[in-house]
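A.B. asks: Each chain, written out:
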Amino acid sequence: MTAPPTAPYPLPRKRPVSTASMLIVPSLIGALVALVLGIYGRVHSPTGIAINIAGFSSPGTVKSWLATGATAFAIVQVVSALVMYGKVPRVTAPSWIGGLHRWSGRIAFLLAVPVAIHCLYALGFQQYSTRVLLHSVFGCLFFGAFTVKMLILPKRDLPGWVLPVAGAVVFTVLVVIWLTSAYWFFSTFGIKR
Amino acid sequence: MKRNTPLITLLAGAALGVILLISSMLATPSSAPVSYSAAAASSAAPSSPAPAAPESSPASPAASASSSAAPSPEPTRTTPTRANYAGRVGGGGGSVAVSVHGDKAVAYVCNGSTVEGWMRGKVQNGKLVLTGKNKAHLTASYHAGKVTGDVEAHGTDYSFSVSTVNKSSGLYQATAKVQGKTIKAGWIVLGDGTQIGSLETDADSDQPNAVTAPKLDMATMTAQVGSLVLHAVPVSGVTGSGF
Chain A
34 MTAPPTAPYP LPRKRPVSTA SMLIVPSLIG ALVALVLGIY GRVHSPTGIA INIAGFSSPG
94 TVKSWLATGA TAFAIVQVVS ALVMYGKVPR VTAPSWIGGL HRWSGRIAFL LAVPVAIHCL
154 YALGFQQYST RVLLHSVFGC LFFGAFTVKM LILPKRDLPG WVLPVAGAVV FTVLVVIWLT
214 SAYWFFSTFG IKR
Chain B
750 MKRNTPLITL LAGAALGVIL LISSMLATPS SAPVSYSAAA ASSAAPSSPA PAAPESSPAS
810 PAASASSSAA PSPEPTRTTP TRANYAGRVG GGGGSVAVSV HGDKAVAYVC NGSTVEGWMR
870 GKVQNGKLVL TGKNKAHLTA SYHAGKVTGD VEAHGTDYSF SVSTVNKSSG LYQATAKVQG
930 KTIKAGWIVL GDGTQIGSLE TDADSDQPNA VTAPKLDMAT MTAQVGSLVL HAVPVSGVTG
990 SGF
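Residue numbers (the working numbering), protein chains in the order written: chain A, 34 to 226; chain B, 750 to 992.
Hint data in this document are derived by calculation from the structure and do not stem from the laboratory.
Just so it is clear, CB atoms sit at the ideal spot from N, CA and C, and this is done for glycine as well.
Mixed in with the good hints there might be a few duds.
Stated by the list, open to error - Quick list of the computed label-pair ranges, beta carbon to beta carbon:
no.: 1; chain 1: A; residue 1: 68; chain 2: B; residue 2: 958; range: 31 to 37 Å
no.: 2; chain 1: B; residue 1: 973; chain 2: A; residue 2: 133; range: 38 to 44 Å
no.: 3; chain 1: A; residue 1: 128; chain 2: B; residue 2: 756; range: 23 to 29 Å
no.: 4; chain 1: B; residue 1: 958; chain 2: A; residue 2: 132; range: 17 to 23 Å
no.: 5; chain 1: A; residue 1: 162; chain 2: B; residue 2: 862; range: 26 to 32 Å
no.: 6; chain 1: A; residue 1: 108; chain 2: B; residue 2: 955; range: 34 to 40 Å
no.: 7; chain 1: A; residue 1: 115; chain 2: B; residue 2: 966; range: 55 to 61 Å
no.: 8; chain 1: A; residue 1: 108; chain 2: B; residue 2: 871; range: 18 to 24 Å
What the hints assert, rightly or not - Some residues of chain B that are not near chain A, with every Cβ distance over 12 Å (derived):
no.: 9; residue: 772
no.: 10; residue: 890
no.: 11; residue: 944
no.: 12; residue: 961
no.: 13; residue: 966
no.: 14; residue: 969
no.: 15; residue: 981
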């Protein structure tokens, strides 16, 4: 009776790879991303100026619209995720829902990047008011959280709650960023291009 | 292959970030263009392996290199190396703000209209010798709580003795590009909340002209010039912001 090491119980043998150990490396990388962004924003002297995008009246309006676009696509993210997980009553997930979810996420992320670069380069990590401090902290956290989400996405064998929780965190953080920037901007200066 | 798409998303975002950061660095009228372009060139290569790390590394060594390359100041015992001073000039016709950060100092004097000047320079033996465009210059001695000296801008001479400020009072600046010209606004906010500011309409010119700056909204840190919104940042020797 030679016992082959893997034959009888292939599934239990994989169990020792616990959820925590699968999450630790992505979480550390995400934390590092957030930390690096925050330190850069704090150490780098804000220039007050950065590359501008044509067609808008000021960097503030560009950023506000880009951030609003990112937030809109993030809402698509939440809705499509709910459909995928069958949480919307009487709606069965269509075949294209996964593609919609992936592409809306990619677009939202790519819209957010120029905004973050302008923030980091021109304005820096600031704390002269609660709004600004919250925005600085959550702005750094967002890219950390998004990195974690992207890194754990390809991992199989994760418990079912992990991805929804990660997605919810990313979405919530983005909404806080939007509320402390674009929403504030539009409600202070009016909605304009 | 399909499993790697989230990673590709991350790297695409990181690459976009690096490109924008380098473009911004190249577009910024900097007093040290050499170090900026050198940093941009060196950061272009290692952009792919780690998502965000290359974004931070190029700029900070460049900044620290330029500051450490400066002649190191002898340790000043009684004078703080990081402080902000602001107050009215003698006669009350304007305000002056001085921010000291290590061995560097930035000063701004302005009468809220056409007389104004930005000055930069080094701290030497507790003395400030700062110069700017339009032959603006400031000489002062500074101590724990006070800066005393003379400043001249646009041919107007002021003597002053101003104290340290804290929190929201002090010096603020904002710049923006409008039709290829850089406009630069400066505000001096005093402890009692009064502010005075001027705005250079072509800050890159050798003899910039100034007009009265729009009010700086301290709650939002913004000021509006026509349809343009200026975002102000503090020029603080304490935090190093604006240096």
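A.B. asks: Which hints, by number, does the structure contradict?
C.D. replies: Violated hints: 1, 4, 6, 7, 8, 9, 13, 14, 15; rest satisfied.
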